[in-house]
Amino acid sequence: GGIITQTPKFLIGQEGQKLTLKCQQNFNHDTMYWYRQDSGKGLRLIYYSITENDLQKGDLSEGYDASREKKSSFSLTVTSAQKNEMAVFLCASSIAGTNTEVFFGKGTRLTVV
Amino acid sequence: QQQVRQSPQSLTVWEGETAILNCSYENSAFDYFPWYQQFPGEGPALLISILSVSDKKEDGRFTIFFNKREKKLSLHIADSQPGDSATYFCAASGDSGYNKLTFGKGTVLLVSP
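Chains as they are written, first to last, in the numbering used here: chain A, 22 to 134; chain B, 15 to 127.
Keep in mind the hints are simulated off the structure, nothing from the lab.
Please note that the accuracy of each hint is not assured.
In silico DSS-like pairs for lysine-lysine, Cα to Cα no more than 27 Å straight-line [what the hints assert, rightly or not]: (1) A:Lys127 <-> A:Lys78; (2) A:Lys62 <-> B:Lys119; (3) B:Lys71 <-> A:Lys78; (4) B:Lys70 <-> A:Lys127; (5) A:Lys92 <-> B:Lys114.
Far from chain A, by Cβ distances over 12 Å, these chain B residues were calculated [to be verified]: (6) Gln16; (7) Leu25; (8) Gly30; (9) Thr32; (10) Asp69; (11) Glu72; (12) Lys82; (13) Lys86; (14) Ser88; (15) Ser107; (16) Asn113; (17) Lys114; (18) Thr116; (19) Lys119; (20) Leu124; (21) Val125.
Heads up, incomplete: computed chain A residues facing chain B, CB under 7 Å, no partners named [said to hold, decoys possible]: (22) Asp59; (23) Gly63; (24) Ser115; (25) Asn120; (26) Gly126; (27) Lys127; (28) Gly128; (29) Leu131.
We put the CB at the ideal spot given by N, CA and C, even for glycine.
Extracted from the complex, chain B is given alone in its bound form (with noise of 0.2 Å):
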């Protein structure tokens, strides 16, 4: 059973709109939830994370949205640049006492200039 869940397999926004990005989870235990993006050809790269005590989590034009009740969150990404262009993984881990993280099966954007 996939415990973390990424929708939509792919994504194509153009050039300044804003992409959305959503990952629900099943394991209540998850308290952390970092987004992660990968180039091809390169390692899953940290880009921002959010502890489940809060609801919003922003950085630069990446934003998360969390909605505990729901086990669901949303990676938005204003203004969207073709260097965006990347897989993003949701990820999460819980009550291991360890960094052991679960993945998604990512969303492969494509931003059209």
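Just chain A, with the same shape it has in the complex (with noise of 0.2 Å):
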């Protein structure tokens, strides 16, 4: 088995900070994904990495930036943390190709004031 470590757990911003999320997995995946969870709905896709050095747009990558530094960490940026933005911020990652099993991290909770 393997474990997904996201640091860190809860990160408290101020409104126009730039705030960096970290990832690392020890599964030896190839693919990995940010997601982020709002209260009631759902995930949705920031980006996501097929390999080391790609990155990939997911449906919500507008003010967040990322970076795949080596095959076991994904890292992602809150370009200018919004005002009273509360989400859970989930890191995940899986073996190439489809309908492969996605492991998620426990998430890096975010507010920002």
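Both chains come to you apart, so use the hints to assemble them.
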């Protein structure tokens, strides 16, 4: 088995601040994802990466940057935090290809004051 | 336009009853439908999945019924237990070549003892 570790677990930011969320996986998976979870809205894909140094935009990429520094890590940057924003950011990974299990981390909970 | 819809938003059943969670989708290209279970403070975890070539998938107390013509599927949880109380997400992916999952908004299930 493996694990996905997200840091920090809780993040409080100020309006307009640039914030970075980090994710590490030890599954040796090729593909990694960032999802945003808002209360009552399900999960929406922000960015995904098929392999190291690859980046693909999801449905919600505006306002975010991502970086796949190496196979095991995937970072997400909120370029300008929005006031009163509250969401959980979930990192995930899977082996390459389709119809395979996607494994999720426990999330980073963001609050913007 | 929401491509994956779930109903009801919340559901309460008594211990031992069968819980039925519904899901429908818009995109005919979707061919893989996983259900994820999420407990508070945790990331979603794969519960059971089905491919569109099948009309039924069973795994213990969990069964997916799939109707391709009507673009509908349902998750049946037999002999519901209090430990099944969680949020359940229906997801779908299709012909993108990668595990780009589109999630519904979720159903919150409460099993009362």
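Outcome of the hint check:
no. : hint                 : verdict
1   : A:Lys127 <-> A:Lys78 : 22 Å, holds
2   : A:Lys62 <-> B:Lys119 : 5 Å, holds
3   : B:Lys71 <-> A:Lys78  : 32 Å, violated
4   : B:Lys70 <-> A:Lys127 : 30 Å, violated
5   : A:Lys92 <-> B:Lys114 : 18 Å, holds
6   : Gln16                : 9 Å, violated
7   : Leu25                : 15 Å, holds
8   : Gly30                : 29 Å, holds
9   : Thr32                : 24 Å, holds
10  : Asp69                : 17 Å, holds
11  : Glu72                : 18 Å, holds
12  : Lys82                : 16 Å, holds
13  : Lys86                : 18 Å, holds
14  : Ser88                : 17 Å, holds
15  : Ser107               : 7 Å, violated
16  : Asn113               : 5 Å, violated
17  : Lys114               : 6 Å, violated
18  : Thr116               : 8 Å, violated
19  : Lys119               : 4 Å, violated
20  : Leu124               : 16 Å, holds
21  : Val125               : 21 Å, holds
22  : Asp59                : 9 Å, violated
23  : Gly63                : 4 Å, holds
24  : Ser115               : 5 Å, holds
25  : Asn120               : 4 Å, holds
26  : Gly126               : 5 Å, holds
27  : Lys127               : 5 Å, holds
28  : Gly128               : 6 Å, holds
29  : Leu131               : 15 Å, violated
Hint check: violations occur at hints 3, 4, 6, 15, 16, 17, 18, 19, 22, 29; the rest are consistent with the structure.
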